[in-house]
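Spelled out from the first residue to the last, the chains are:
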Amino acid sequence: MEIVEIIKVVVAGIICWLNFVLIDTYFGLPEKPGVLGAKTIGEKIRDIGGNIHGGYFMGNIVCSPDASAGTLLASIMSYLMGVEGGIIAALLVWIGNRLCADPGYAGTIGALTITAIIYLLSPIIEAKYFIAGMVLAIFTIQGFEHKYASILLGKIAKKMNRGE
Amino acid sequence: MDIVEIIIGVIALLMAIRIFLTRSRARKLLYLCCLSFCISALIALYVDSPMGGIVAITYFVCSTLSSNAIAYTIEQAKDIE
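Line by line, the protein sequences are chains A and B.
If you count the first sequence from 1, position 15 lands on 15 in the working numbering, and the numbers rise without skipping.
If you count the second sequence from 1, position 79 lands on 79 in the working numbering, and the numbers rise without skipping.
Mixed in with the good hints there might be a few duds.
[Claimed, not checked] Quick list of in silico lysine to aspartate or glutamate cross-link-like pairs, EDC-like style, CA-CA up to 16 Å: (1) A:K158 - A:E31; (2) B:K28 - A:D47; (3) A:K147 - A:E43; (4) B:K28 - B:D79; (5) A:K8 - B:E5; (6) A:K147 - A:E5; (7) A:K8 - B:D2; (8) B:K28 - A:E84; (9) B:K78 - A:E43; (10) B:K28 - A:E43; (11) B:K78 - A:E31; (12) A:K155 - A:E31.
[Claimed, not checked] A short, non-exhaustive set of chain A residues, derived as facing chain B with CB atoms under 7 Å: (13) G37; (14) R46; (15) V62; (16) L73; (17) L80; (18) L91; (19) L92; (20) C100; (21) I124; (22) I125; (23) I131; (24) A132; (25) I138; (26) T140; (27) G143; (28) K159.
Just so you know, these hints were derived from the structure itself, not from any lab.
Source: prediction; values computed, not measured.
Beta carbons: idealized from backbone N, C-alpha and C, even for Gly.
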């Protein structure tokens, strides 16, 4: 049984990863640092040999609740309350975005799309696995190897015409 | 203990160790962000009620706000130096 659960976590992680990376890139996180702090982090990533646009992406995630935070918080609330919870999470993420001086489209839309995905997949993968999946997804970007993560994010940004 | 909680807990411990081992202050913030994700997920899984979800969201948004402030201060300190 443990193997099945681990496979569910990994599949949920891949879905979360695609959800937040694609939405964040679409809304232009790699293009420019939204706040001054994100610029520092982007330049630090460039200094260790990474991609500056990938660095801005990672800096923006740290400095404001974007689609990554929306994905995590919407899966938490979907696990605890169902679909209504996902919508409440989207509202709270939007408030958090406004506090951080961010337009707030990426976080809200990320929360709403993951709520829809969890609702559609609920017979196969429960919301609980999406929480662990999202932690796994953010670990591959922010916690594993900054240099290669930023190069990968930079390549995705280039492919979607965001940055350079 | 659930397999989901074990996975999140192991990642949280790993991040805590890496925060201590990293020299650069800006890169510490990246690991700290990942740690906040883990803590917020664990709060929701342990408390397991709608109020727990609200607490997890409040914790996460506040931790992002303080990371924002710290990163801004690092940039300002660089100018002074």
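Evaluated hints:
1. A:K158 - A:E31: Status holds; Cα separation ~10 Å.
2. B:K28 - A:D47: Between B:K28 and A:D47 the Cα gap is close to 15 Å, so the pair holds against 16 Å.
3. A:K147 - A:E43: holds (12 Å)
4. B:K28 - B:D79: Judged against 16 Å, a Cα distance of about 20 Å means the pair is violated.
5. A:K8 - B:E5: Roughly 14 Å separates the two Cα atoms, so the pair holds.
6. A:K147 - A:E5: The hint is violated at about 31 Å.
7. A:K8 - B:D2: Within the cut-off at roughly 14 Å; holds.
8. B:K28 - A:E84: violated (35 Å)
9. B:K78 - A:E43: Answer holds: B:K78 to A:E43 is near 12 Å, not above 16 Å.
10. B:K28 - A:E43: Distance of about 14 Å is within 16 Å: holds.
11. B:K78 - A:E31: violated (23 Å)
12. A:K155 - A:E31: holds (12 Å)
13. G37: Check passed: Cβ of A:G37 comes within 2 Å of chain B, closer than 7 Å.
14. R46: violated (11 Å)
15. V62: Holds, about 5 Å.
16. L73: holds (5 Å)
17. L80: holds (4 Å)
18. L91: Where the cut-off is 7 Å and the nearest Cβ of chain B is about 10 Å from A:L91, the hint is violated.
19. L92: holds (5 Å)
20. C100: holds (6 Å)
21. I124: violated (16 Å)
22. I125: violated (12 Å)
23. I131: holds (5 Å)
24. A132: With a minimum Cβ separation of about 4 Å from chain B (threshold 7 Å), the hint on A:A132 holds.
25. I138: Given a least distance of 5 Å, the restraint on A:I138 holds.
26. T140: violated (10 Å)
27. G143: holds (4 Å)
28. K159: violated (23 Å)
When held up to the earlier numbered hints, the structure conflicts with 4, 6, 8, 11, 14, 18, 21, 22, 26, 28 and fits the remainder.
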